[in-house]
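Those protein sequence lines, which keep their order, are chains A and B.
Letter by letter, the first sequence follows residues 1 to 272 of the working numbering.
Letter by letter, the second sequence follows residues 1 to 339 of the working numbering.
Everything labelled a hint here was simulated from the structure, so no lab data went into it.
Because the structure is a prediction, the values reported are computed rather than measured.
We put the CB at the ideal spot given by N, CA and C, even for glycine.
A hint or two may mislead.
What the hints assert, rightly or not - Beta-carbon label-pair distances, calculated as ranges: (1) A:Pro72 - B:Ala135: 26 to 34 Å; (2) A:Asn128 - B:Phe113: 44 to 52 Å; (3) B:Asn177 - A:Asn128: 28 to 36 Å; (4) A:Val129 - B:Met109: 37 to 45 Å.
Stated by the list, open to error - Dumping the calculated EDC-like pairs for lysine to aspartate or glutamate here, alpha-carbon to alpha-carbon at most 20 Å: (5) B:Lys236 - A:Asp118; (6) B:Lys123 - A:Asp118; (7) B:Lys236 - A:Asp30; (8) B:Lys120 - A:Asp118; (9) A:Lys107 - B:Glu27.
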Amino acid sequence: MVPQILTGRAVSSGGGARVDAIEVSAWFGDTQVLDDVSLSVPAATVAALIGPSGCGKSTFLRVLNRMHESVPGAQLAGEVHLNGDDIYAPGQRVTTVRKRIGMVFQKPNPFPAMSIADNVTAGLALTNVRMSRGDRSALVEDCLSRAGLWNEVKDRLDSAGSTLSGGQQQRLCIARALAVGPEVLLMDEPCSALDPTSTRRIEETIAELCSQVTIVIVTHNMQQAARVSQQAAFFLAEQGAPGGIVESGPTLQLFENPADPRTADYVNGRFG
Amino acid sequence: MTVASDVSPTVIGLQPRPPQRLVPGLEPSDRIFHGAVTVVGISVLAITGAIGAFLGYQSIPTLHHYGLRFFTQTSWQPELNRIGIAAVLVGTVEVALVAMVVSFPLALMLALFISDYAPKRVKSWLVSAIDLMAAVPSIIYGLWGFFLLQPHAIKLARWLSQHFGWIPIFHVDTNPNAAVWQQSRYTSSAFIAGLAVAMMAIPLACAVMRAVFDQAPLGEREAAMALGGTRFGVAKTVVLPFAKGGIIGGTMLAMGRALGETAAVLIIISPAYEIKARILEAGTQTVSALIAANFGNATTSQLSALLTAGFVLFLITLVVNTGAAVIIKRGRSGAHTEI
């Protein structure tokens, strides 16, 4: 497919949460980083993207909520459908797309000048959603509970978000992403900066959330992928070539009975 | 269990050795460079201190002779032995304030445009243009202000005085609605001098603000974007709170510049020694313009009086710049968001 220069256009949408990436290729300037990637994630599923560093997993994730276009010179070919709506179609507003498809980053990034409660509702303030005080408190409690953080912070909602530990900050970021009511949550190696205990808490949170939102998670941790996901996709970039999907399917099948020998080598730790 | 044989037996059972202070090892070439930069660093402090001390020393006769009257007297008439800087200080602050009110929003928006909105190529052009703006000699801004800006600015001044004349600062002692309005009443004012000074304050404030805006953490910017924030939302939620220290610091740095500006002010204003709030009205005076206009034909005692005025300005600028430095330093570096 011919790449089209990304501009900041876009939007509007219905409910639901199935994600279909169709023949997606991506470029940074003239360098192609993704080639012809197609992947479908059913609603209310956790899908893990695995593969060695530099194979385009994170770029693919950022294509899914139009964060890719924030990089100057970024180009894209292909389509991404959210419940059948092409999120790159003309008329789709980028802000609406990002509200429907939330993102949690590798490094916890709460807004340090804001309190814990304000961090949770930051997305509402950013998108000019007004809310009564009571509704706001209820939303803060609901989102923090769903992110598994409520019991730890309920007595200090007014202290700064930056006073929390790394693992708590990451769960705060999950609560913040949930507050705008996304249908899909993208997670880019959410545990790679965390200790094992915090990692386990995040994994528990993912397990609790997966009935409410579709989750696409990039991880370098095979055990984590096996623990949290139902679907998995193995990305690989050959030397000097753009990345692509080698194999995708149910996680169990990918780990125990891979069709491609490269997948077998990777999941068994023989490279990567 | 056996003790490893290579452990020195003299160590075992003895008092722990006292700690020794460690001196960082320096190569001879490092030592020479270290010495050179230390000398330069200290001499800068010494020169600044010497200027302050010289001004302070020169001020003694004046302060001794006039006492507190030097700060309360409005007129500057050495021939009548009436010398004071009350009106001059007010004029200095008025010109600086006009400059800040005009330059602050422009510098802030310009810096935000460069850091967050401008395409990469436009960005580098704009940065060069602003550096150039900072390099233009102030006398050029003075000439520009006098010949090009003033004929237009007086119309704005008249309009302000017509509609907001009831506010003391916009009042002008003439009839703004007269069929043939007195243009000369609106020229050479603190307002017009302030506009010219603002042009010099903008690049200074903008450079500091832009540098800090660029440092706003990418992680927080992306977080705001991923929540569905607009570019303005990102600026409001992430960039401006992050850069608060830099905004205040840059503004105060520009304020220091505005307080001391000489050539442009000297060209534009007509000297008037009167404490007045009417910034649109012709005539004002600032400390540096006073010194520049009078030092040439000053007697020894008048020179001392001028240097005393300079000393007061030196102290004010020192306070403003020190305040700016403290605030910039206290500004969040973003480091504590690291886990």
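Next on the checklist: Let me make sure I understand: some of the numbered hints might not hold for this structure. Which ones are they, in numerical order?
Outcome noted: When the structure is compared with the hints, numbers 2, 3, 4, 6, 7, 8 and 9 turn out to be violated.
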